[in-house]
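Fit chains Y and E to the supplied structure of chain B, relying on the hints for placement.
Protein chains in written order, with our numbering: chain B, 219 to 594; chain Y, 219 to 594; chain E, 219 to 594.
Derived by calculation from the structure, the hints in this document are not laboratory data. Treat the hints loosely; a few may be bogus.
[Claimed, not checked] What the simulated footprint calls covered on chain B by chain E, stretch by stretch (three residues with Cβ under 8 angstroms from a Cβ of chain E suffice, anywhere in the stretch; the number is not a length): (1) 276-282; (2) 576-590.
[As the list claims (entries may be wrong)] From the structure, some residues in chain Y lie toward chain B, with a derived Cβ separation under 8 angstroms: (3) GLU285; (4) GLY550; (5) ARG554.
All residues carry an ideal CB built from backbone N, CA and C; glycine is no exception.
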Amino acid sequence: MPTTTWNRHHVLSLADFTTAEYDTVLQTAASFQEVLSRRTKKVPTLQGQVVANLFFESSTRTRSSFEIAAKRLSADTLNFAAATSSMTKGETILDTAKTYLAMGTDIMVIRHREAGVPNAIAAEMDRLGVRVSVLNAGDGQHEHPSQALLDLFTICTLIDPANPRLELLKGKKIAIVGDILHSRVARSNIWSLIASGAQVHLAAPPTLLPKLFSEFISEEIGDRSQESLAISPLSPSTQFPVPSSQSPLPLIPKGGPEFPSPQSPIPSPQLFLHWQLEPALQDADFVMTLRLQKERMTAHLLPSLREYHQLFGITRPKLQLCKPNVKVLHPGPVNRGVEISSDLMDDPEFSLIQSQVTSGVAVRMALLYLLGSGKA
Amino acid sequence: MPTTTWNRHHVLSLADFTTAEYDTVLQTAASFQEVLSRRTKKVPTLQGQVVANLFFESSTRTRSSFEIAAKRLSADTLNFAAATSSMTKGETILDTAKTYLAMGTDIMVIRHREAGVPNAIAAEMDRLGVRVSVLNAGDGQHEHPSQALLDLFTICTLIDPANPRLELLKGKKIAIVGDILHSRVARSNIWSLIASGAQVHLAAPPTLLPKLFSEFISEEIGDRSQESLAISPLSPSTQFPVPSSQSPLPLIPKGGPEFPSPQSPIPSPQLFLHWQLEPALQDADFVMTLRLQKERMTAHLLPSLREYHQLFGITRPKLQLCKPNVKVLHPGPVNRGVEISSDLMDDPEFSLIQSQVTSGVAVRMALLYLLGSGKA
Amino acid sequence: MPTTTWNRHHVLSLADFTTAEYDTVLQTAASFQEVLSRRTKKVPTLQGQVVANLFFESSTRTRSSFEIAAKRLSADTLNFAAATSSMTKGETILDTAKTYLAMGTDIMVIRHREAGVPNAIAAEMDRLGVRVSVLNAGDGQHEHPSQALLDLFTICTLIDPANPRLELLKGKKIAIVGDILHSRVARSNIWSLIASGAQVHLAAPPTLLPKLFSEFISEEIGDRSQESLAISPLSPSTQFPVPSSQSPLPLIPKGGPEFPSPQSPIPSPQLFLHWQLEPALQDADFVMTLRLQKERMTAHLLPSLREYHQLFGITRPKLQLCKPNVKVLHPGPVNRGVEISSDLMDDPEFSLIQSQVTSGVAVRMALLYLLGSGKA
Numbered sequence: 219m220p221t222t223t224w225n226r227h228h229v230l231s232l233a234d235f236t237t238a239e240y241d242t243v244l245q246t247a248a249s250f251q252e253v254l255s256r257r258t259k260k261v262p263t264l265q266g267q268v269v270a271n272l273f274f275e276s277s278t279r280t281r282s283s284f285e286i287a288a289k290r291l292s293a294d295t296l297n298f299a300a301a302t303s304s305m306t307k308g309e310t311i312l313d314t315a316k317t318y319l320a321m322g323t324d325i326m327v328i329r330h331r332e333a334g335v336p337n338a339i340a341a342e343m344d345r346l347g348v349r350v351s352v353l354n355a356g357d358g359q360h361e362h363p364s365q366a367l368l369d370l371f372t373i374c375t376l377i378d379p380a381n382p383r384l385e386l387l388k389g390k391k392i393a394i395v396g397d398i399l400h401s402r403v404a405r406s407n408i409w410s411l412i413a414s415g416a417q418v419h420l421a422a423p424p425t426l427l428p429k430l431f432s433e434f435i436s437e438e439i440g441d442r443s444q445e446s447l448a449i450s451p452l453s454p455s456t457q458f459p460v461p462s463s464q465s466p467l468p469l470i471p472k473g474g475p476e477f478p479s480p481q482s483p484i485p486s487p488q489l490f491l492h493w494q495l496e497p498a499l500q501d502a503d504f505v506m507t508l509r510l511q512k513e514r515m516t517a518h519l520l521p522s523l524r525e526y527h528q529l530f531g532i533t534r535p536k537l538q539l540c541k542p543n544v545k546v547l548h549p550g551p552v553n554r555g556v557e558i559s560s561d562l563m564d565d566p567e568f569s570l571i572q573s574q575v576t577s578g579v580a581v582r583m584a585l586l587y588l589l590g591s592g593k594a
Numbered sequence: 219m220p221t222t223t224w225n226r227h228h229v230l231s232l233a234d235f236t237t238a239e240y241d242t243v244l245q246t247a248a249s250f251q252e253v254l255s256r257r258t259k260k261v262p263t264l265q266g267q268v269v270a271n272l273f274f275e276s277s278t279r280t281r282s283s284f285e286i287a288a289k290r291l292s293a294d295t296l297n298f299a300a301a302t303s304s305m306t307k308g309e310t311i312l313d314t315a316k317t318y319l320a321m322g323t324d325i326m327v328i329r330h331r332e333a334g335v336p337n338a339i340a341a342e343m344d345r346l347g348v349r350v351s352v353l354n355a356g357d358g359q360h361e362h363p364s365q366a367l368l369d370l371f372t373i374c375t376l377i378d379p380a381n382p383r384l385e386l387l388k389g390k391k392i393a394i395v396g397d398i399l400h401s402r403v404a405r406s407n408i409w410s411l412i413a414s415g416a417q418v419h420l421a422a423p424p425t426l427l428p429k430l431f432s433e434f435i436s437e438e439i440g441d442r443s444q445e446s447l448a449i450s451p452l453s454p455s456t457q458f459p460v461p462s463s464q465s466p467l468p469l470i471p472k473g474g475p476e477f478p479s480p481q482s483p484i485p486s487p488q489l490f491l492h493w494q495l496e497p498a499l500q501d502a503d504f505v506m507t508l509r510l511q512k513e514r515m516t517a518h519l520l521p522s523l524r525e526y527h528q529l530f531g532i533t534r535p536k537l538q539l540c541k542p543n544v545k546v547l548h549p550g551p552v553n554r555g556v557e558i559s560s561d562l563m564d565d566p567e568f569s570l571i572q573s574q575v576t577s578g579v580a581v582r583m584a585l586l587y588l589l590g591s592g593k594a
Numbered sequence: 219m220p221t222t223t224w225n226r227h228h229v230l231s232l233a234d235f236t237t238a239e240y241d242t243v244l245q246t247a248a249s250f251q252e253v254l255s256r257r258t259k260k261v262p263t264l265q266g267q268v269v270a271n272l273f274f275e276s277s278t279r280t281r282s283s284f285e286i287a288a289k290r291l292s293a294d295t296l297n298f299a300a301a302t303s304s305m306t307k308g309e310t311i312l313d314t315a316k317t318y319l320a321m322g323t324d325i326m327v328i329r330h331r332e333a334g335v336p337n338a339i340a341a342e343m344d345r346l347g348v349r350v351s352v353l354n355a356g357d358g359q360h361e362h363p364s365q366a367l368l369d370l371f372t373i374c375t376l377i378d379p380a381n382p383r384l385e386l387l388k389g390k391k392i393a394i395v396g397d398i399l400h401s402r403v404a405r406s407n408i409w410s411l412i413a414s415g416a417q418v419h420l421a422a423p424p425t426l427l428p429k430l431f432s433e434f435i436s437e438e439i440g441d442r443s444q445e446s447l448a449i450s451p452l453s454p455s456t457q458f459p460v461p462s463s464q465s466p467l468p469l470i471p472k473g474g475p476e477f478p479s480p481q482s483p484i485p486s487p488q489l490f491l492h493w494q495l496e497p498a499l500q501d502a503d504f505v506m507t508l509r510l511q512k513e514r515m516t517a518h519l520l521p522s523l524r525e526y527h528q529l530f531g532i533t534r535p536k537l538q539l540c541k542p543n544v545k546v547l548h549p550g551p552v553n554r555g556v557e558i559s560s561d562l563m564d565d566p567e568f569s570l571i572q573s574q575v576t577s578g579v580a581v582r583m584a585l586l587y588l589l590g591s592g593k594a
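Next up, chain B with everything else stripped away, as it sits in the complex:
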């Protein structure tokens, strides 16, 4: 393991991650990636520790990834299935978390459909003065930090396998395509990509871009809708109102965080919004596609899957606009033929989707290791 000064007790959001922290995660994950290629893929690092997967919102994929990561570190794992839980008996979420704390849990991996739940649990643990760590495995439309970190690791190890680090993305153009508005994956990725110095281009139909900003566009600058609108880089204090650790159960306001208005431009813009796919793809180094929830259509935010695919689905011809060695990412599970054409998804020349899953185990081992190694 690389020597490092990691002082973070929880991983709830990437909003305040420092470059040193990103690099520590990347380097630690790289060393675990090496472990995973060995004959015996296990290390005794977290032996005797308990990792509880508290998935109030079910997810086989992410839960399995965390479970396998924990087992590779020799931790014991507990799975909490919301469906059969005492939640149905009226217990509060904080009480459930405190019960797992009292049972001796060392790290809680928490997924919940409400934004801010992991923050609230972490705040309560800190208030109690206990050493348990909380790892956000996706909370509502807020953040999904381990997903963004594995995306980052996937890209950086592609560029420099021997030494993945944040600065490798400086100046790269990354397109994020799809349901930005409702995506915790996009929100976490925006933090890490902005921090890396990349140029981040968000492309989506107006109904799937952050609400207040798109309203602004439609009312104020209607006919500029064809253009790319450069906006300021996000700053933690004004853009994504991360719930304070004092408040009991803070939520992201409905409709997503409020984007800054162009009236207050900031120098060195790195974040761009597009109502069309093409300007985002133009000369892009990486294309991150987002999963489309089919429920969006019943909410009349989308015409049809076919039309969505035609306009925003990633296909081989559309990739012609990008850099020649462009790569495509997707957090999974993929709706084949919707966010991305089926043949492209299976083409290892372009698709990083399988690498992302493999990176996921290494990155989650790294996070569990960094959070847990000080405890045992």
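Leaving out everything else, chains Y and E in the frame of chain B:
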């Protein structure tokens, strides 16, 4: 581990527990409590053994507690989830148990909504002459021995952390408040508390006190309902008809066990029933609250949660009646503001609720150890 | 472990199993059976490997058996529960399998209600050039190889515990009774029993025998229905159209595989069909009963369970027709009093049902060992 002569093969009920057995569990749990404070919280005691959690009635909390206890002892665990089981395919419960036996299970931890199921399975295992142990994790309205033992351990370690033992409770006044009638937790606790020499005061609305006794009161001694009625200590043979290990699937009669009538008074009474909370709380050392099933209201056994809380909910002002250093217990999950006020629940000066959960792991390790150590 | 030349990468079907392969499984299972009788029932063979139980169709019994087998070999296990999986999110089965591959799964144990799914996944893994193994844990009405292998192991160890091998069944008469038409267990057993040189007699009501053959009988040779009809031994190419590993998701044709017509008799017939139970039982050495799905009745394939039991249920009196030391098997879970009388099921003189479950763990350890030992 303390040297001990533990000869019990199953833990089904506390009705016939001896003082020596209680003390063995308490001392063994104390030594595991010490293990849990170490850097590496695992011992290899049950390595290679299989603990199967057969939860025909789902319970995340108790199942997780047993699972973590088994893993701390290095046992392998199997979880049986009733919902997805072959039970839906028409197999009998005994056949399911025999299947897990044939797979090599060493200890079966069984929860079922019918009273007597663990007894019936244990009887079948004994009939087959096999060495598998059965641990009752809650059966209908019969018993929940590990819960009562962890309550006992919580209280005893509070009084004398270095040497928890049954006699510490001698002469203490313990109030058990709530849905006594339907509570397996109350039934198991009554056995252990009576055995300890404590004075046990049960307080509940008449509809939630054991049926036949309350009927007797209303008909025969109606106007004494305001008083505390001392009744005889329970004796295993007459009070709680524990299913004999010969009968196939014996059940507690509907309406709960029959209490002895005051016509046959017995000397040295330790058990008292109250239709009001106050006489039970008066000078109490410990207050055990019970979970209120909201279904009781639809069955017209309760007026409203608000009225229940007003009359029987434990609050800071009501605790003034108790001894100054009174402590409150609850088996969880708690309906905040119903059985106990929310602020009191979170007040470590009064609430032992978190300690109970922690004690649960140590006590279950002790039980698994005592049942399993002779096998491997 | 016996030295062996095992070259099989997946276990999908017994159709092309060689005698050497059967014997390797039997001998390996025998050595694990010996491990299971030791004080410590674990071996470190698969330490660091991941066995993923991908049960798209739920099964507590088979999943637990594989899970315990994997844990006895010190593998880490992942359980995939179809109900809470991303399958509901629209991901394809192959994508799910590839996700588990990318997470580092070494062996996938797959159950699915559609025939051919494990084959399709194995074909995809081979196409990708990866070393993951696929083990069919039951696919539709196609095959259930580990069940047939444990049946074989149960019978062979009964005959010669020290040296179980395929040839022990040569010339034995085995009756398979019940819903042959819809049974993957019967299909896999037919392959192994034919390979052993046994005489296999299938008995069922005409509606539960393979469709095309029974239609042929009813039309062409109606009044011969009382007789036993010798048909040719099954040959892999014509009888059971095993899905080729090239085709994407091949299925057994609806109504089951087509049996050869008696017009094309083949010498040395080993397979016999009966519309009545008695000729199948006559002098039988072993009787394999099959589970009856109660749904068959709503499909009007059966009159009533009572009538089925009267005609095809195995009872003590009916066993008089068999060899004196006849034994009865059932894959479980049993509908007591339907496929087999309740008292017979519990009689260790006749019933091998518990032995089958125990054999299941040893045989599954053997399969996981044979598939996994070359990987780590």
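Hints versus structure:
no.: 1; hint: 276-282; verdict: holds (count 5)
no.: 2; hint: 576-590; verdict: holds (count 3)
no.: 3; hint: GLU285; verdict: 6 angstroms, holds
no.: 4; hint: GLY550; verdict: 7 angstroms, holds
no.: 5; hint: ARG554; verdict: 7 angstroms, holds
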